[in-house]
Amino acid sequence: MPEQSAILKIRAFNRYYTRVLGLLNHHILSSDVSLTEARILLEIKTIETCTAKKLIEKLEIDGGYLSRILKNFEKSELITRYALPADKRVSVIQLTKSGTEKLSELEGKSNNQIEQLLHHLDKNKQDQVLAAMETIHTALSKNQGVVLRSYRQSDLSFIVNAHRDLYHREYGFNEKFVRYVADAVSTFAVQHDPKRENIWILEVDQQPKGVIAIVKEFGDTAQLRWFLLDQSLRGKGYGHKLLDEAIQFCRSQGYEKVILWTVSDLKAARHMYKSKGFNLVEQHENGDWTSHVITEEKWEMIL
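Last residue of the sequence shown: 301 in my numbering, with the numbers rising by one and none dropped.
Hints are computed from structural coordinates only; laboratory data are not their basis. One or more of the hints may lead you astray.
What the hints assert, rightly or not - Below are the DSS-like pairs computed for lysine-lysine, each with C-alpha atoms no more than 27 Å apart in a straight line:
#1 K123 <-> K73
#2 K73 <-> K95
#3 K296 <-> K174
#4 K296 <-> K43
#5 K43 <-> K56
#6 K56 <-> K107
#7 K274 <-> K255
#8 K121 <-> K95
#9 K193 <-> K214
#10 K95 <-> K193
Said to hold, decoys possible - Cβ-Cβ distance ranges computed for the label pairs, FRET-style:
#11 L119 <-> Y80: 14 to 20 Å
#12 Q189 <-> G106: 36 to 42 Å
#13 E55 <-> N12: 24 to 30 Å
#14 G252 <-> A81: 34 to 40 Å
#15 Q92 <-> V202: 33 to 39 Å
#16 R167 <-> S250: 33 to 39 Å
#17 D203 <-> Y169: 40 to 46 Å
#18 H282 <-> R87: 42 to 48 Å
#19 H282 <-> Q126: 44 to 50 Å
#20 E58 <-> H282: 45 to 51 Å
#21 D203 <-> S250: 24 to 30 Å
#22 L82 <-> G62: 18 to 24 Å
#23 G106 <-> R167: 26 to 32 Å
#24 Y169 <-> L33: 44 to 50 Å
Where a beta carbon is used, it is the ideal one built from N, C-alpha and C, also for glycine.
Construct the entire structure; sequences and hints are all you get.
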């Protein structure tokens, strides 16, 4: 049982932070949309083949309350629904053009709000704020042992070393491949766009065990990179969790297509990519990274 002083401190912080973000207002960001409605619009955009059931599971929201919100969205022409060909009882929910524009407006205002909140802090202070948020998220998580979080600078060496160990042990990749990975990770560290690019780390008992990244390729095309999972976690759904996080990020950032490069020897990864909707579009031989010639493959997904 937590002490009374801890309860009072948390309540005081909640009052402070809701005041900072202006969440005491029924509508957010000077709009006609409530906080719950804004979150539902975001999830409709990011959830693949979105249904009311998926929204209820993701948001832990009352079904009747959600139904009323969705009816209002339809009345305002923010969403449309259509029946699945395989099961006419299931309705897929999509944003209309007006719904996409409304969400884009809210996301822009939200980004500006956070920028204003942090603009007076130097990089060190910003990192402290983010670390504190991650600590709260981790401590209160229902599954405290496993955390999916954004990367820290200290994770960059893990990405390179994990690629060296895994690809050499399982596929015989050499140091040329390691240098290729290290150069790309170093470039990301010094010149990435934090709004449209990110690296996620899967952490188990505070130890990094998996990674995935999204970087800008060109225009509205993103590239999925450095997807790796420790052998001890395979077959437990964590690879899908990493992929889903990266794909949803691409959708939320307005990318129209996401590509990736892999090699034909990575059978399990190729199967996962195909299951998510990626298609093989290009192949070529590579004799630099191993003692034998391997086949590199380019896969892409239209979002």
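Here's how the hints hold up against the structure:
no.: 1; hint: K123 <-> K73; in the structure: 45 Å, violated
no.: 2; hint: K73 <-> K95; in the structure: 14 Å, holds
no.: 3; hint: K296 <-> K174; in the structure: 20 Å, holds
no.: 4; hint: K296 <-> K43; in the structure: 26 Å, holds
no.: 5; hint: K43 <-> K56; in the structure: 13 Å, holds
no.: 6; hint: K56 <-> K107; in the structure: 24 Å, holds
no.: 7; hint: K274 <-> K255; in the structure: 13 Å, holds
no.: 8; hint: K121 <-> K95; in the structure: 37 Å, violated
no.: 9; hint: K193 <-> K214; in the structure: 11 Å, holds
no.: 10; hint: K95 <-> K193; in the structure: 23 Å, holds
no.: 11; hint: L119 <-> Y80: 14 to 20 Å; in the structure: 46 Å, violated
no.: 12; hint: Q189 <-> G106: 36 to 42 Å; in the structure: 24 Å, violated
no.: 13; hint: E55 <-> N12: 24 to 30 Å; in the structure: 25 Å, holds
no.: 14; hint: G252 <-> A81: 34 to 40 Å; in the structure: 27 Å, violated
no.: 15; hint: Q92 <-> V202: 33 to 39 Å; in the structure: 36 Å, holds
no.: 16; hint: R167 <-> S250: 33 to 39 Å; in the structure: 35 Å, holds
no.: 17; hint: D203 <-> Y169: 40 to 46 Å; in the structure: 27 Å, violated
no.: 18; hint: H282 <-> R87: 42 to 48 Å; in the structure: 46 Å, holds
no.: 19; hint: H282 <-> Q126: 44 to 50 Å; in the structure: 46 Å, holds
no.: 20; hint: E58 <-> H282: 45 to 51 Å; in the structure: 46 Å, holds
no.: 21; hint: D203 <-> S250: 24 to 30 Å; in the structure: 29 Å, holds
no.: 22; hint: L82 <-> G62: 18 to 24 Å; in the structure: 23 Å, holds
no.: 23; hint: G106 <-> R167: 26 to 32 Å; in the structure: 46 Å, violated
no.: 24; hint: Y169 <-> L33: 44 to 50 Å; in the structure: 47 Å, holds
Comparing the model with each numbered hint stated earlier shows that hints 1, 8, 11, 12, 14, 17 and 23 do not hold.
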